[in-house]
Amino acid sequence: MKAFLTLLLSLGLGLTAQTHPKLERAQPIPVTDAIAEDPAVAKVIAPLSLELKASFGKELVQCPTGLMRGKFGEENLLGYWVADLMRERAQQVVGAPVRFAITNAGGLRGNIRPGVVKIADVYEVMPFDNELVVAEYTGAEIIQIVKDAIRRRAGEPCSGVSAKVLGTPEKPEFSITWSDGSAIVPTETIKVALSDYLLASGDTISTLRNGRRPITTGVPLRDLLLDACTKLGESKTPLQAPSALRYEFAPGIYQALRDKKIVW
Amino acid sequence: MERRNFIATLGAAAAVSGLTLRAEPTPETVRLTLLHTNDTHSRIEPFGPGNGAVSGKGGMARRATLVKELRSQLGNVLLLDAGDVFQGTPFFNQYKGSLDYQLMSMIGYDAATLGNHDFDNGVEALLKAMNEAKFPFVNCNFDMKGAPALAKRVQPWLVKKFPGLKVGITGVCVDFQGLVAPKNHEGVKWLDPIESLKPVIKHLREREKVDMVVLLSHLGYDLKGGGIDDRTLAATLPGIDVIIGGHSHTFLDAPVSIKNSGGETLVFQVGFGGVNLGRMDFTLAKGAVKASSGGALPVH
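Order-wise, the sequence lines are chains A and B.
Going by the working numbering, the letters in the first sequence line up with residues 1 to 264, in that order.
Going by the working numbering, the letters in the second sequence line up with residues 265 to 564, in that order.
Same shape as in the complex, but just chain B:
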């Protein structure tokens, strides 16, 4: 057993048994900000007038400024997208998603997942647009054996490293049935998201030893019994710290905490069309050790 883990074990035992550690460690913390979008739907420019509450909002050039300012103010930042970048304006009809991914690369996205509409022009067209994306894509509930080129471009999970901090990121997508024409997802089979996530979370936690697991979910926030959604997933499956959601275009004012057997999972989603940029700031104990006693024990 490594020294670090051994000390952690001791600390965890003390927390549960009520023993006092001989030397109280000084908590050293690290901060992380998650910035995120979902269902941007080719809204390259702001919504025009006559669009109700979203009139005049959004626009990728403004989003770029906002992200740049936040990055300059904050230390550790990840910019993430929960899918459905494609479809919704003539920009998509004309540029087939290439422009969206080009601009997302300029803005500095760190990772994105795929939504059902990202398959609207088929797998080949998606791959062509992906040539403009200078960021990785994550998804763990697609069987892409029949689409090897896409499998090379979409990874089941990834780890982003900052000094003293490792963040595991994965993604899931909603069932294609009824949403994506069969010819448009040829070679890509949809798999149950919960069963697909279990080994990924285990791997990220136990092998990669990440401090935080973030799920980019294109399942929808609350489908009211119409399928597995973010609320059901969060309540069922422990091990995910944050679900950045999409698909249902849900405007949440703040993350919703869902209890599960591992503690809680935060679920957030910020509408659609890029009218909002989601922001979540976290503090983590540096080198935090995971223990069921509840408190993170800092290890030096």
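Chain A with its partners taken away, still in its complex shape:
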């Protein structure tokens, strides 16, 4: 037998190498209204859905244009709105200028569609129980954070700065300033509004973990959005899109960012 096994090995056989099951058919089956609901499952869902609609169906404000997250690198108006609110509330809480706020596009899980905004819509946008925090960074760190956000996600939603990537994909040139065009002083200490999640994990921007002297505000981000919508609704003021053009890219840069073909 030993000799036989030796023969097998010499023939190049490996008994553990695999052969594959034959795939006969494969497809994604769309789950549409052509499929009836299973009565037992529907029976469980129905009362809970009613309960949720009662508590989450309240109408807060009109948003005629909607606020969309945009896609990779496009203007994330929803994110800008959130970042502006974070900066504004952070300043109120700490009683000092908060010049920069950043959130992560991945943390915004839905869009605000044109029309009436309900509590449920805000929960879909911000389902996480993250809290607003304020921490200190140097100007140099803020520039690094914005650069990393551009490298990894073609820019994360932020408030307070203006970022441009000029030049070519082969030789990109950054211009990162405060939104009024003034220079960010690298050695200056700046208060920054962000979520406790971003401060702890950094998401894909490790510099965010450097935040010093963190202040917890006790304000859940979702409550921040709910409060803003409620106030606008009570004053019959529609929710409008915030200022755009926070990131600008020279021709070819945006596509190269999408394709991860920028030479850094």
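These are calculated hints, taken from the structure and not from any lab test.
Treat the hints with caution; some may be incorrect.
Calculated lysine to aspartate or glutamate pairs in the DMTMM-like style (CA-CA distance at most 20 Å, straight line) [unchecked claim]:
(1) Lys430(B) to Glu24(A)
(2) Lys488(B) to Glu450(B)
(3) Lys321(B) to Asp33(A)
(4) Lys22(A) to Glu292(B)
(5) Lys22(A) to Glu528(B)
(6) Lys321(B) to Asp129(A)
(7) Lys488(B) to Glu24(A)
(8) Lys22(A) to Asp517(B)
To spell it out: a stretch of chain B is covered by chain A in this simulated footprint if at least three of its residues, at any positions, have a beta carbon under 8 Å from a beta carbon of chain A; those stretches are [what the hints assert, rightly or not]:
(9) 319-330
(10) 335-349
(11) 364-374
(12) 403-412
(13) 440-454
For every residue, glycine included, the Cβ atom is placed at its ideal position computed from N, Cα and C.
With chain A held as given, fit chain B onto it using these hints.
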């Protein structure tokens, strides 16, 4: 050497050396259907209007009907999920994932893996929701020494048996870094998926002698260099027949075949939110013997 293996060895030798077997065996085959979801994200009900291409699609009550019908038509069926069952609608905020797992149990899931969002409320909350799950969880790239209760609930692999067929199932998850707040995965350490999978595949193939290895992967289909993904894993690591993927919410029209040193691995992923149910039908030679010659040799 058992008779079965000895005959298999003979068959494999014949395939490579060109010898003719004295008695041509009649191929006896067994069928298996894999049904699967990924990134369902608490979409208990169908998407409402204004959600673009997914408007009106999905819903767990419809999924239940579809699965029930397919199970009644097909023989051997496994219903699997590739993670991120949690987070995305007020149902999750209200019921913390318990409702998702309760309904998945009613639909008849056979196994699921965990995604990064399944840790959104922390390990304790995940365990509490798991009380509603009447199906097993698989993952082999978590070190759960610091979370023994979770380790009891999540097994590195499992084997599903049908007449004449054994299917090995395991799971992997994406790196927590940047995706899960440290406090939410306390006691659970992420490990390299390829290194974690190697011994599991070896065990399933050599000790459990499964006919098929299915990986439930929450790594993402193509991260474009941003980390290990399903495409890279499939190209690097032989021994996996099918990767049922998640995390990247990728809508694939059909499984993608990725070549590797062991042959090929099929990768499939069906979007997100339960708008699609993936289906893959396979035929396997009953008692198929694995041989590098390529053809499965039926053994009776």
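A quick look at each hint next to the structure:
1. Lys430(B) to Glu24(A): Given that 20 Å is the threshold and the Cα spacing comes to 18 Å, the pair holds.
2. Lys488(B) to Glu450(B): 29 Å, violated
3. Lys321(B) to Asp33(A): This hinted pair holds, its Cα atoms lying about 7 Å apart.
4. Lys22(A) to Glu292(B): Measuring from Cα to Cα gives roughly 13 Å; hence the hint holds.
5. Lys22(A) to Glu528(B): 11 Å, holds
6. Lys321(B) to Asp129(A): 27 Å, violated
7. Lys488(B) to Glu24(A): Distance ~30 Å between Lys488(B) and Glu24(A) Cα, so the pair is violated.
8. Lys22(A) to Asp517(B): Between Lys22(A) and Asp517(B) the Cα gap is close to 18 Å, so the pair holds against 20 Å.
9. 319-330: holds (count 11)
10. 335-349: n = 0 at 8 Å, threshold three: violated.
11. 364-374: That given contact holds, which follows from 4 residues of the stretch 364-374 of chain B lying within Cβ reach (below 8 Å) of chain A.
12. 403-412: violated (count 0)
13. 440-454: Holds: 7 residues of the stretch 440-454 of chain B have a Cβ under 8 Å from chain A.
Comparing the model with each numbered hint stated earlier shows that hints 2, 6, 7, 10 and 12 do not hold.
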